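Asks: Starting from the known structure of chain A, arrange chain B on it as the hints suggest.
For reference, the chains in residue letters:
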Amino acid sequence: MKKKLTTVAFNGTAEQLAKLDELIAKHKGEKGALMPVLQGAQGIYGYLPIEVQQHIALSMDVPLSEVYGVASFYSQFILNPKGEYAVAVCLGTACYVKGAGLLMDKLESLLGIKNGEISADRKFSLDATRCIGACGLAPVLTVNEEVYGRLTPDMIKGILDKYN
Amino acid sequence: MENMVNIKINNREYAVPANSTVLEAARYAGIDIPTLCYLKDINEIGACRLCLVEVKGARGMAAACVYPVNEGMEVFTNTPAIRKARKTNLELVLSAHKKKCLTCIRSTSCELQKLALEYGVDEDHFQGNNNVYPIDATTPYIVRDNEKCILCRRCVAACKNMQQIGVIGANDRGFDTHIASAFEKTLDQTSCIGCGQCIVACPVGALYEKDDTQKVLEALADPTKHVAICAAPSVRATIGECFDYEVGTDVEGKMVAAMKALGFDGVYDMNLTADLTIMEEATEFLERFKEGKNLPLITSCSPGWVKYCEHYFPEFTDNLSSCKSPQQMFGAMYKTYYAQKAGLDPKDIVFVSCIPCTAKKFEVTRDHQNAAGVCDVDIAITTRELARMIKQAGIDFRSLNDAKFDEPFSIGSGAGAIFGATGGVMEAALRTAAEVIEKKELQKLEFDDVRGTEGIKKATYKIGDVEVRVAVVSGTANAKKLLNAIKSGEEKYDFIEVMACPGGCVNGGGQPTQPAVVRNNVDLKALRAKVLYTADKNMDVRKSHENSAVKKLYDEYFGAPGSHKAHEILHTKYVKRGL
Numbered sequence: 002m003k004k005k006l007t008t009v010a011f012n013g014t015a016e017q018l019a020k021l022d023e024l025i026a027k028h029k030g031e032k033g034a035l036m037p038v039l040q041g042a043q044g045i046y047g048y049l050p051i052e053v054q055q056h057i058a059l060s061m062d063v064p065l066s067e068v069y070g071v072a073s074f075y076s077q078f079i080l081n082p083k084g085e086y087a088v089a090v091c092l093g094t095a096c097y098v099k100g101a102g103l104l105m106d107k108l109e110s111l112l113g114i115k116n117g118e119i120s121a122d123r124k125f126s127l128d129a130t131r132c133i134g135a136c137g138l139a140p141v142l143t144v145n146e147e148v149y150g151r152l153t154p155d156m157i158k159g160i161l162d163k164y165n
Numbered sequence: 028m029e030n031m032v033n034i035k036i037n038n039r040e041y042a043v044p045a046n047s048t049v050l051e052a053a054r055y056a057g058i059d060i061p062t063l064c065y066l067k068d069i070n071e072i073g074a075c076r077l078c079l080v081e082v083k084g085a086r087g088m089a090a091a092c093v094y095p096v097n098e099g100m101e102v103f104t105n106t107p108a109i110r111k112a113r114k115t116n117l118e119l120v121l122s123a124h125k126k127k128c129l130t131c132i133r134s135t136s137c138e139l140q141k142l143a144l145e146y147g148v149d150e151d152h153f154q155g156n157n158n159v160y161p162i163d164a165t166t167p168y169i170v171r172d173n174e175k176c177i178l179c180r181r182c183v184a185a186c187k188n189m190q191q192i193g194v195i196g197a198n199d200r201g202f203d204t205h206i207a208s209a210f211e212k213t214l215d216q217t218s219c220i221g222c223g224q225c226i227v228a229c230p231v232g233a234l235y236e237k238d239d240t241q242k243v244l245e246a247l248a249d250p251t252k253h254v255a256i257c258a259a260p261s262v263r264a265t266i267g268e269c270f271d272y273e274v275g276t277d278v279e280g281k282m283v284a285a286m287k288a289l290g291f292d293g294v295y296d297m298n299l300t301a302d303l304t305i306m307e308e309a310t311e312f313l314e315r316f317k318e319g320k321n322l323p324l325i326t327s328c329s330p331g332w333v334k335y336c337e338h339y340f341p342e343f344t345d346n347l348s349s350c351k352s353p354q355q356m357f358g359a360m361y362k363t364y365y366a367q368k369a370g371l372d373p374k375d376i377v378f379v380s381c382i383p384c385t386a387k388k389f390e391v392t393r394d395h396q397n398a399a400g401v402c403d404v405d406i407a408i409t410t411r412e413l414a415r416m417i418k419q420a421g422i423d424f425r426s427l428n429d430a431k432f433d434e435p436f437s438i439g440s441g442a443g444a445i446f447g448a449t450g451g452v453m454e455a456a457l458r459t460a461a462e463v464i465e466k467k468e469l470q471k472l473e474f475d476d477v478r479g480t481e482g483i484k485k486a487t488y489k490i491g492d493v494e495v496r497v498a499v500v501s502g503t504a505n506a507k508k509l510l511n512a513i514k515s516g517e518e519k520y521d522f523i524e525v526m527a528c529p530g531g532c533v534n535g536g537g538q539p540t541q542p543a544v545v546r547n548n549v550d551l552k553a554l555r556a557k558v559l560y561t562a563d564k565n566m567d568v569r570k571s572h573e574n575s576a577v578k579k580l581y582d583e584y585f586g587a588p589g590s591h592k593a594h595e596i597l598h599t600k601y602v603k604r605g606l
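Keeping their order, the protein sequence lines are chains A and B. Per the working numbering: the first sequence = residues 2 to 165. Per the working numbering: the second sequence = residues 28 to 606.
Take the hints with a grain of salt, since some may be wrong.
[Claimed, not checked] Sample of chain A residues facing chain B (criterion: CB under 7 Å; computed from the structure):
#1 L6
#2 N12
#3 I51
#4 S60
#5 P64
#6 L65
#7 E67
#8 Y69
#9 G70
#10 Y164
I should point out that these hints are in silico values taken from the structure, not numbers from a laboratory. The structure presented is a predicted model; accordingly, all values stated were derived computationally and were not measured. The beta carbon of each residue, even a glycine, is placed where N, CA and C say it ideally should be.
One chain only, chain A, in its complex shape (with noise of 0.2 Å):
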């Protein structure tokens, strides 16, 4: 299935463009140089958007489907931008079989955004983790370095609202 992209607007700066230019030099005319400066990129912007991508590839002359295909792989390599607040839930077994599914869906209504999403302020966005390791606090939920554990999805907005 093809991966559900970001609508929001790009809106990078010029430093960050100073940034990645920096790091492409550094990378240039080197052999696997794509990953690194994804990963650089992915380190500037805290996601890889069109515009980023499409710079990078008329930067190195590597075709723009290229670098697509690698960004579009690894998983670890985001394609659609992070809220200021970073919502998280473990869809890990544990989690899972202690109802993380709920808190899901109640993240999904209360935020009006789908797994994979961002809020149109930005302010929050929100995905499925593996197994994070906190299987002892099962269902856990992440905002940002924040863990919140033994959740209930009547627990969820009292959650957010410490955010809003």
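Replies: Just chain B, lined up with the frame of chain A:
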């Protein structure tokens, strides 16, 4: 003497070139190992696992297409284990393939279908859910049906490696892998040039031309329409392949007879407007050369190349010849000059071209291609589509008596004939330019340096007392190389011919598909081009400016080459598209 090694294939001894692969070595032994992903020099990735063989001492089975031979090697190509592995792999490929074989455009020419039959597979052995993909029919030339795609990547390799364009690639991962453009853009949103090399590379029915035969049939059935068709130089050299003729058979007479049997009101030779193009282009070249303006002049007959230039080298669009392509010139001339002469309303004319090219389907939709106020050419159909129409109409192609093109557009010169091969346009132009400048007859008509299937050919000709530096390139990868050399100031030319497809129109994206086993072992470009050069050699009129039909066009209508009227009707404009 080539370096040879001794190997055993199925217990029999052979001496084979040391640099060959097991696949190539087996060919020497008269054994075709099946492949799906392998295309020589273009796609050598060992991915489809159909060419598996057993090599004594090697771990597991080896992919013959990428496995090099070495001294004393023992190879087995047809053991029960090999047969079983290939069959299983075919069944796995089929498990994710939309098996609509009865109505598939590639039925009977599909490489997967042929192997499935040979290996007696159970097409439903592995069952499960399959991904659903929309058909991409957003361009006027290429249709992609990813549910039939077997992920061999031959199209990706043709686009990225051979043409160095790369508007398609493999997106996502694992079971979700699919071939598409970056960020899932549809093909019309990319800088695809429509050359169709992906189509002729596809082993199955995942890629095909946008079929326009229905439009032609509807026009033919409409009594209020005057429907004419003209055939590009290279179609007669290839359409025989669709009717089981050997590659490189000239079937001009039967092709014309078939077109007449289909009911066209006029069946004409595009070689004529190839000659007309030369008259205009040679005049344009002489003018630019004299003024030293917008040099090098670059040919504009190949619509894939024109679109490539507009996307990837917009700084060269002023160098493109302003001449319309022979296809467009024919339509433009027909709907102005001929319409007037025959008392036809251009609106009632449906002008069809039969061409070896998918990009021509885009060309007919371009702006500034409507000399009579209606589009110059209404429908462009490929060689494959014409063959399809002939078969559907029940016309027994092989038993047709040869027929001749209709007057008054039946005459094409030898110069027009060779337009369909790389170097042909250049040679045709040189024949005319040389005689115009020197004002005497050429001793030798063959310009051998610009002949042949190499991707880049360069030559300098002394014409009169000036030297003209020319280059001929085919395939956009070579065009890219040459244009970059010109941009950097490394090389300088006065006149350049570019054709988007490697080898020129004879190897166009609208030509009959040939399976990998033919593409890998037969020089299609050379064999097909030979038809055109042979036709040229046997013609009485071999120079565009000596074509009496062309002379008549100028006498009766256009005045002189490069005249105001000629510019209005036979020339066009380009756009800087960028990426």
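Asks: Are the hints correct? Go through all of them and say.
Replies: To see whether the hints hold, each was checked on the structure:
no., hint, in the structure
1, L6, "6 Å, holds"
2, N12, "18 Å, violated"
3, I51, "5 Å, holds"
4, S60, "13 Å, violated"
5, P64, "3 Å, holds"
6, L65, "4 Å, holds"
7, E67, "5 Å, holds"
8, Y69, "4 Å, holds"
9, G70, "4 Å, holds"
10, Y164, "30 Å, violated"
In this structure, the earlier hints numbered 2, 4 and 10 are contradicted, and the remaining ones agree with it.
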